[in-house]
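Colleague: Model the full assembly from the supplied sequences, consistent with the hints where possible.
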Amino acid sequence: MKTDQLIAALAADRTAEPFGRRFVLSFLIGGLISLGLFLAILGPRHDLAEALATWRFDFKIVLMVLILGLAFSFCREVARPVAPPHPARGLLLPLAALVAALVIELVIVPRAAWGTRLVGSNSLICLTAIPFFSIGPLIAVLAILRSGAPTSPALAGAAAGLLAAACGATLYAFHCFDDSPLFVATWYTLAALPVVGIGALAGRRLLRW
Amino acid sequence: MLSSQDLAALMRSARGGDDEAYRRLLRHLALWLRVVARRGLARAGRGAEDSEDIVQDTLLAMHLKRDTWDDSQPLEPWLRAIVHHKVVDHLRRRGFREHLDIADYAESLAAFQPVEESASADARQMLRALPERQRTIVEAISIEGHSARDVGQRLGMSEGAVRVALHRALKILAVAYRRGPS
Numbered sequence: 118m119k120t121d122q123l124i125a126a127l128a129a130d131r132t133a134e135p136f137g138r139r140f141v142l143s144f145l146i147g148g149l150i151s152l153g154l155f156l157a158i159l160g161p162r163h164d165l166a167e168a169l170a171t172w173r174f175d176f177k178i179v180l181m182v183l184i185l186g187l188a189f190s191f192c193r194e195v196a197r198p199v200a201p202p203h204p205a206r207g208l209l210l211p212l213a214a215l216v217a218a219l220v221i222e223l224v225i226v227p228r229a230a231w232g233t234r235l236v237g238s239n240s241l242i243c244l245t246a247i248p249f250f251s252i253g254p255l256i257a258v259l260a261i262l263r264s265g266a267p268t269s270p271a272l273a274g275a276a277a278g279l280l281a282a283a284c285g286a287t288l289y290a291f292h293c294f295d296d297s298p299l300f301v302a303t304w305y306t307l308a309a310l311p312v313v314g315i316g317a318l319a320g321r322r323l324l325r326w
Numbered sequence: 081m082l083s084s085q086d087l088a089a090l091m092r093s094a095r096g097g098d099d100e101a102y103r104r105l106l107r108h109l110a111l112w113l114r115v116v117a118r119r120g121l122a123r124a125g126r127g128a129e130d131s132e133d134i135v136q137d138t139l140l141a142m143h144l145k146r147d148t149w150d151d152s153q154p155l156e157p158w159l160r161a162i163v164h165h166k167v168v169d170h171l172r173r174r175g176f177r178e179h180l181d182i183a184d185y186a187e188s189l190a191a192f193q194p195v196e197e198s199a200s201a202d203a204r205q206m207l208r209a210l211p212e213r214q215r216t217i218v219e220a221i222s223i224e225g226h227s228a229r230d231v232g233q234r235l236g237m238s239e240g241a242v243r244v245a246l247h248r249a250l251k252i253l254a255v256a257y258r259r260g261p262s
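Quick note, the sequences are listed as chains A and B, same order.
All the letters of the first sequence, read from the start, carry residue numbers 118 to 326 under this note's numbering.
All the letters of the second sequence, read from the start, carry residue numbers 81 to 262 under this note's numbering.
Keep in mind the hints are simulated off the structure, nothing from the lab.
You may find that some hints are simply not true.
Short, incomplete list of chain A residues facing chain B, as computed with Cβ under 7 Å [stated by the list, open to error]:
| id | residue |
| --- | --- |
| 1 | 122 |
| 2 | 124 |
| 3 | 125 |
| 4 | 129 |
| 5 | 130 |
| 6 | 135 |
| 7 | 138 |
| 8 | 198 |
| 9 | 265 |
| 10 | 269 |
As a list, the in silico SDA-like pairs of lysine to any residue whose alpha-carbon atoms are at most 20 Å apart [unchecked claim]:
| id | chain 1 | residue 1 | chain 2 | residue 2 |
| --- | --- | --- | --- | --- |
| 11 | B | 251 | A | 323 |
| 12 | A | 119 | B | 208 |
| 13 | B | 251 | A | 131 |
| 14 | B | 251 | A | 134 |
| 15 | A | 119 | B | 256 |
| 16 | B | 251 | A | 270 |
Idealized CB from N, CA, C, for every residue including glycine.
Modeller: Listed below in structure tokens is the structure:
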């Protein structure tokens, strides 16, 4: 086939909806699947109204939503061949907020109670629920990234993992009774890491083009 | 020669459904890619015989990924990023391990000296990667120059179904090019 003949075939192929819109749609589908599973299996904690009046719970939710939003734009950026110079820089903001909350927690909670706050009572559920509620979004986001053009497939996969984990963590945060920043910083991170790792490995295989 | 702004304008028209604008854009890009691919191969100490495969593979990638261009941004950096990714990928698979910066040898999109197309030996073989019906459709449109509607009438398919099959075929071709002839 001559290159001009290939061009004739390319010009006859019209599809293409803007990538940004398809990315949003795909992510929403994955997120809604997780939301449905969350409501069916765990659901929000029963004292949600009282919890909303405490700074720890509110901080946890705001932090998760912030990470979710930043991970979303990070992932969408690295799916394009021309990514801005530091696409992940925004994620330093929630990291700084978490460090600040940890310091406050360590100052106001007596040293003897640090251990209980850290271990909490839900760590095992946390470690399983967050990856579980990440599955739907991870598959949906990886699928849409296949039609993207990431220059680094592993990084794009890791970004998809982070976005999926943020999705799972945001949902799980509404269920969990352990609101201490000590608990969130430890267990949420440990639960998210394997999702990011799986995303990176899957990305390296699936997102080459 | 077309300036970078002209190319962006052609891409916008193509998005609006102007096939002729798209064809002009792709033809111009093919000329440029041929120069870039030859230089890249020369840099890596390879002959030019595979250059047309790189040109066609990169054109396919540009086509299939074209909606990742954000049209509020300039087009040229996007084109260069795709070309860099593809050319470096091809050279790596041909055993070239050194760092290669496309900016060093890919001159401006607007001013370059076109070179002759070399015969692409395995391009016919690439079409063999397609299921029979898709191959018939691709050959009818590309080699015989028929429109999607004519091909549909001949095969008893709707124009839409022909386009869907064509799109699938192009995706399969992109994978076949990436794997290389084997």
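Colleague: Now look at each hint and say whether the structure bears it out.
Modeller: Hints and how they fare:
no.: 1; hint: 122; result: holds (4 Å)
no.: 2; hint: 124; result: holds (4 Å)
no.: 3; hint: 125; result: holds (5 Å)
no.: 4; hint: 129; result: holds (5 Å)
no.: 5; hint: 130; result: holds (5 Å)
no.: 6; hint: 135; result: holds (6 Å)
no.: 7; hint: 138; result: violated (9 Å)
no.: 8; hint: 198; result: holds (4 Å)
no.: 9; hint: 265; result: holds (6 Å)
no.: 10; hint: 269; result: violated (10 Å)
no.: 11; hint: B:251 with A:323; result: holds (14 Å)
no.: 12; hint: A:119 with B:208; result: holds (15 Å)
no.: 13; hint: B:251 with A:131; result: holds (13 Å)
no.: 14; hint: B:251 with A:134; result: holds (16 Å)
no.: 15; hint: A:119 with B:256; result: holds (16 Å)
no.: 16; hint: B:251 with A:270; result: holds (18 Å)
Taken one by one, the earlier hints fail for this structure at numbers 7 and 10, listed in ascending order.
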